[in-house]
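Position one of the sequence shown corresponds to residue 1 (full-length UniProt numbering), numbered consecutively onward.
Hints are computed from structural coordinates only; laboratory data are not their basis. Here the structure is a predicted model, which is why all the values come from computation and not from measurement. Fair warning: there could be bad hints in the mix.
As the list claims (entries may be wrong) - Here are the computed distance ranges between Cβ atoms for each label pair:
| # | residue 1 | residue 2 | range |
| --- | --- | --- | --- |
| 1 | V1101 | M1081 | 19 to 27 Å |
| 2 | R917 | V1101 | 38 to 46 Å |
| 3 | L544 | Q153 | 43 to 51 Å |
Said to hold, decoys possible - Quick list of in silico lysine to any residue cross-link-like pairs, SDA-like style, CA-CA up to 25 Å:
| # | residue 1 | residue 2 |
| --- | --- | --- |
| 4 | K853 | G1055 |
| 5 | K652 | A540 |
| 6 | K538 | D548 |
| 7 | K1142 | A1105 |
| 8 | K174 | K150 |
| 9 | K234 | R405 |
| 10 | K1142 | V1101 |
| 11 | K999 | D673 |
| 12 | K404 | T447 |
| 13 | K374 | P499 |
| 14 | K538 | N208 |
| 15 | K97 | I418 |
| 16 | K234 | I220 |
| 17 | K171 | R730 |
| 18 | K935 | S706 |
| 19 | K316 | S231 |
For each residue, glycine too, the CB sits at the ideal point set by N, CA and C.
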Amino acid sequence: MIKQENQPVSFNNIKVKAESRCSSVYDNSLGGKGEHLGLPVDSLEQKWAIIPHYLRTKGLINQHIDSFDYFINSEIKEIVKANNMVRCNADPSFYIKYVDIRVGLPKAEEADCLQTSVTPHECRLRDITYAAPIFVDIEYTRGKEKVLRKNFQIGRMPIMLRSSRCVLKGKSEKELIKMNECPLDPGGYFIIRGTERVVLIQEQMSKNRMLVAMDKADEISCGVLTMTHVSRGKTYVVYKKDIFFMRNNRLTEDISMAIIFRAMGILSEREMLHLVSGEQDSCLVFLNTLQDLHKREIFTQKDVIVALIFVGNRIKGSTFFIAKNSTVSKDELGLSFLADVVCAHVPSNVGNMKLKAVYMGLMIQRIIQVMLGKATVDDPDYYGNKRLELAGSLLALLFEDLFKRFNQEISLLTDRTIQRLRTALFDFVKHTPKDLITNGLLNAIATGNWVIRRYRMDKHGVTQILSRMSYIAMLGMMTRINSQFEHTRKMGGPRSLQPSQWGMLCPADTPEGEPCGLIKSLALLSHITTDSEELPVKKAFCNLGVEDVNYLSTEVLLHPSTSFVFLNGVLFGITRDVVQLYNSLRYMRRHGFLNKFVNLFLNEEQRTLYVSCDGGRICRPYIIVENGKSLLQNHHLRELACGKRNLEDFFKDGLIEYLDVSEEESALIAVYDSEITEKTTHLEIEPFTLFGVCAGLIPYPNHNQSPRNTYQCAMGKQAMGIIAYNQSIRMDSLLYGLVYPQRPLVKTKTIELINFECLPAGQNAIVAVMSYSGYDIEDAIILNKASLDRGKQIIWFGRCHVYRSNKCFVKSYSNMDSDRILGPLVDVTTGKPVFRHMALDAEGIVKPGNVVKIGQVLVNKVAPKSALLNEEEPTVVSETDYKEEPLVWAGAAEAYAERVLLTSNLDNQCLIKVLLRQTRRPELGDKFSSRHGQKGVVGLIVQQEDMPFSSEGIVPDLIMNPHGYPSRMTVGKLLELINGKGGTFTGTPRYGTAFSGDKIEEIAKDLMQHGFNYLGKDVLISGVTGMPLNSYIFFGPIFYQKLKHMVLDKVHARGKGPMENLTRQPTEGRSRDGGLRLGEMERDCFIAYGASAILVERLMVSSDAFEATVCSVCGLICYPGWCQNCKSSQALATVCMPYACKLLFQELQAMNVMPQMKLRDANLPRSFKTTMEPRKQENDVTLKTEEVINFPLRNLNYSDELKLDDPVMKIVLNSVRNRAKN
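Work out the full structure: start from the sequences and follow the hints.
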């Protein structure tokens, strides 16, 4: 299927070389002393050995895969079960029933309707979608016959890589290499039309939870966001005008809560007071609400119908609750509204809504507690009130909407078809809209637009193209969290660091500028839960004595020992001993009787126990501490290292457990085991896991200024490196690759855990911290020319490859014609191909290995001028009926053809891809950065003989200015240099892990043992004078990153070029060959210097100078030689002005506003000039030249009478009088 023309690819060699440089992540050293995970563990300080085993199954990318697996294995079945019947209005006997649904394995539907198995790598090369068919088992009627059909395809589902339906699932390392996949690629993304796209984590408010808020008008409300498979909405209880009201977007006005209680079947006012509270202060607050019942004259049991009618009359959009062609009374409408819309997550039926009434009574209690000062309003930025939506939950919402639309289309199609008389029986299988679900899913993931009209959801940017800048950039994008707020909103709360984010979100990884604080990243050990079964928890409730509210009187709710039990925001019942219930549930979770992701939170002030097992909660593992002693001991770690036990055994044995944000509130967590006291409940596994993936690369981040760590998190994603083992056989549109990437001398434990050593992005440079030549000011750096040209130890510093892919299609048309690829044109005189075709081979396609210069052709394609001449009769097309459509190289410099791919897509079109390679050597202006947020451009490249050198003959690769340290306060960079210098002598890996890196005392001791200064300073000799420098120089290795910002991609200049059609100004942007903008600030500088001639030249002459004809009488722009307004050809002048100014005047005239130009005397034509002073009369006026510069705007209203004191009228009168004299 695929024909490739390329040079031999050493794919296996790349992997072997990379693995020879770094050991497996599970065999990395524990303490930097040569110990490994397979060896005995000596102390509890090495408890970080748990982390590699944890990251195998949870955290990082695994939550994306778990969420998608839950969707395609469980949630999709629940959606179909809730919408399993489709009926027809035309024929009541017709129905369609969905029995089962499942997702198959990934296959490609070729143009000949054959389905073939595909791999992700093939989908990338052929620009097709990695998707699998969706099968259903259905039961339907055909005439009077009942038909059962299995494996009926209703659409295609995009498959996430490494999920349970992916062909890569469970494959060994060798099998992945045979499939041209990188073993270190974690998956968790989709391939849509050949492009890798990732569904970003979306931050949302928690559903089915009470949240008390106060608006700007001091109006207190308690709101609940309800979300079920049937409906979605928000219900509020609001306190205003001394009365409690219920507010819902389905109501035309707010309704008193007393009327709502009466409509729900709460008959007496006494029971209503019991629901609210038994305290006297609370009852007094609620009395005004009860009086509203008497004002409405709703007194007795019989008035329940009156209350329901009262609610039904205030419902808008009632068609949502009733079926078509049916009549429903107002009381039934109100009852259905209360049962199905108001707090729809609380289970209730038409006959019994007591549980819902108790729930809304608790909402009133929360408001009263805030009013009385016993509680505070809920913080919406508290992370326990947030939920994180992953790909599975987002796809579930989208699939549910598409599946309902699919059923509606079938129902409408059946209605239209059955009503007609047909000879054959109607079989809906032949008329199923199979592309509805497929296109809906593909377009949503391809564009990132999640539009669900039923839920009024309109999200944009949900998916993005997966960044393949480097391996770390890909991991950083997979752990990114998008906020629900717009980036332009000016607010402090959502952007600031919250205490509830401790250990859950990275405190350093957030972008600069508008999205600062709104885009966050997960910490290393954070995991996002998926929905788990509620049934085991409900059984545990029943066995532990939780009582159902429906069978209890309201007076029981007032007892001080009574506590409410909530499960996922739904009131389940009450308990008389909440502490015993809490301890029993925690014991069951720790010993495997309940799911390990079930979390508990006891709020004693509200007398409430919250139990959560829903999805979207962010949690992390902790070591359990009891009686001042950690339950995890050394022998447990040894058994884990030897393979006798796994991490799952630790959860079942109650040694480790997950805590979410809410449960952390009731825990006392020690960071180090030395801080454990009798009251301590949990112990951190390792403090460096507080940081995320990108911040974990920084050595000694706790010694740096906080913004520097944030800058490095952004620049680490822009650093060049190796993206994957299969980089040499990929054909992405843009790839960067460092020629000789290196492992950092000073590493962190995070680097080992995420396999960064196998796919590094940087090089170790010998750095001299000194001032040299003055070209190193403002963070500029000095480079050694020999390091760039020859390299040291065959390592070229900063040299990189840039790969760009170009493609074209060879199409076939309906008139039996198609595009063609012709050979190169040959010069008759020389017998060689012309310049544009020099890189082509005899077939008209560029040859791998050839040099391609700017403007040369890659594929010499021609297309017919008229593709559809006659669809019925094929027409013979001559050679002259083709037009050239070549694929041309339009890069910034010449490149080399690396590989050529010939294949076809699913439309049976021939696809030609050409991969071009540019080898770039660092030059002036290229950007480099250390791992401490200190970036700088190359200011000077110096010959090696002019560079300073040490007594050992070591010449630095890079010189940086010492002024870069004091103001930036990057002490971590100083420690990295000293530690890396010591590591070069000892030959052992050095660690700069946060909070636990190598100590400065040990580093200084190693340096002194090898005869070096303990401060890391050396005596350098000047390469210019040959004399030792007067000062000691801070000298040693630092890991530097080459960023993607290079001069060759940004350099831009233009003399003449394209212009905008509308404004006749130069186009904007380098890609469009645009002009260089002279902005507002530059204009201010020219004005300050008084350089008016330069200002006119830059803003008008070099931009959009235009000569316009202006009438000196009326001041309007007119035709050359004729003023349409004055109906005259006299008194016309030519004015040079910007074309944009002329355009503005014309647009103002189109809006019925007349801008007039008063011209200076020098601009008037000779026939209009006055050479002598005329005799002044009574109404004459003399205009000064200083007054004619202003452009007054007059309303163009011809009904106004001309006044003699009008300046324009005076000019006209003067000219008439002058002519009369002559």
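Evaluated hints:
1. V1101 with M1081: 19 to 27 Å: 21 Å, holds
2. R917 with V1101: 38 to 46 Å: At 43 Å between Cβs, range holds.
3. L544 with Q153: 43 to 51 Å: 47 Å, holds
4. K853 with G1055: 22 Å, holds
5. K652 with A540: Holds, at roughly 17 Å.
6. K538 with D548: 11 Å, holds
7. K1142 with A1105: Holds, because 10 Å separates the two Cα atoms, which is no more than 25 Å.
8. K174 with K150: 37 Å, violated
9. K234 with R405: This hinted pair holds, its Cα atoms lying about 24 Å apart.
10. K1142 with V1101: 14 Å, holds
11. K999 with D673: It holds: about 19 Å lies between the C-alpha atoms, which stays within 25 Å.
12. K404 with T447: 22 Å, holds
13. K374 with P499: 23 Å, holds
14. K538 with N208: With Cα atoms ~18 Å apart, K538 and N208 stay inside 25 Å; holds.
15. K97 with I418: OK: K97 and I418 at ~18 Å, within 25 Å.
16. K234 with I220: Measuring from Cα to Cα gives roughly 16 Å; hence the hint holds.
17. K171 with R730: Distance of about 20 Å is within 25 Å: holds.
18. K935 with S706: 16 Å, holds
19. K316 with S231: 16 Å, holds
Checked against the numbered hints given earlier, this structure breaks only hint 8.
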